[in-house]
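A.B. asks: For reference, the chains in residue letters:
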Amino acid sequence: DAGVIQSPRHEVTEMGQEVTLRCKPISGHDYLFWYRQTMMRGLELLIYFNNNVPIDDSGMPEDRFSAKMPNASFSTLKIQPSEPRDSAVYFCASSFLEETQYFGPGTRLLVL
Amino acid sequence: SQQGEEDPQALSIQEGENATMNCSYKTSINNLQWYRQNSGRGLVHLILIRSNEREKHSGRLRVTLDTSKKSSSLLITASRAADTASYFCAIQDSGSARQLTFGSGTQLTVLP
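Chains A and B, in that order, give the protein sequences. Under this note's numbering, read the first sequence as residues 1 to 112, first letter to last. Under this note's numbering, read the second sequence as residues 1 to 112, first letter to last.
Next comes chain A alone, as it looks inside the complex (with noise of 0.2 Å):
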């Protein structure tokens, strides 16, 4: 298995830009996590689905953020607009059943 794939792996872009973060799960994993690392606040989950339903965003921090995942194989983490304090890198990760989540590379944000 080609484990998490997330792309792109780096994106700069201008304050006000929309963003697009991709995700794909490993085959047959019915959760999904996106987190958010920084160096001051360390790794914030965003939010997370089971079978591609949202079960809690409560970590999202504002509305400019969006998460969608319209299957099984697929997720979007959108930013719109985008500001330069959302400059971060930002994980996927999947699991089945058992407790072990499976992360991907991550995409590395740069909001200048």
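No lab work stands behind these hints, which were simulated from the structure alone. Possibly wrong hints are sitting among the right ones.
What the hints assert, rightly or not - Lysine to any residue pairs mimicking SDA-like chemistry, simulated, CA-CA at most 25 Å apart:
| # | chain 1 | residue 1 | chain 2 | residue 2 |
| --- | --- | --- | --- | --- |
| 1 | B | Lys56 | B | Gly95 |
| 2 | B | Lys69 | A | Glu99 |
| 3 | A | Lys24 | B | Thr101 |
| 4 | B | Lys26 | A | Met60 |
| 5 | B | Lys26 | A | Glu44 |
| 6 | B | Lys26 | B | Asp66 |
| 7 | A | Lys24 | B | Asn38 |
With chain A fixed as given, assemble chain B onto it according to the hints.
C.D. replies: Relative to chain A, chain B alone:
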């Protein structure tokens, strides 16, 4: 939500020595997990210990859990330069499905 707190924040040792990292938490847990993150990479699951377990081993890793003290420790024996990474504990509390709350991590440096 509660968060695991790792101690120390940074640890530097010589190759061949043992490394011990500690994690404390605040409420009841379902399980506690340890993850490793190499610089610029995603997190990798190392070991999971359930609330009814006291000790687990995996290769050179040994994890203990003391639910009365709400603490866990990760011991890496005979460390290698390749063990240089950040180590995170993650709490799955007894009230949540698959949600994990990560600590701030211990940066381990193993000097050759």
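A.B. asks: With reference to the structure, classify each hint as holding or not holding.
C.D. replies: Each hint, compared with the structure:
Among the hinted pairs, Lys56 (chain B) with Gly95 (chain B) is consistent with the structure: their alpha-carbon atoms are about 23 Å apart, no more than 25 Å. For the hint linking Lys69 (chain B) to Glu99 (chain A), the alpha-carbon distance of about 23 Å falls within 25 Å, and the restraint holds. Among the hinted pairs, Lys24 (chain A) with Thr101 (chain B) is consistent with the structure: their alpha-carbon atoms are about 22 Å apart, no more than 25 Å. With a C-alpha separation of about 23 Å, the suggested pairing of Lys26 (chain B) with Met60 (chain A) holds against the 25 Å cut-off.
Proposed proximity of Lys26 (chain B) and Glu44 (chain A) is supported: the alpha carbons are some 18 Å apart, at most 25 Å. Taking the CA atoms of Lys26 (chain B) and Asp66 (chain B), the gap is about 12 Å. The hint holds against a cut of 25 Å. The straight-line distance between the Cα atoms of Lys24 (chain A) and Asn38 (chain B) is roughly 21 Å, inside the 25 Å bound, and the hint therefore holds.
Consistency note: the structure conflicts with none of the earlier hints.
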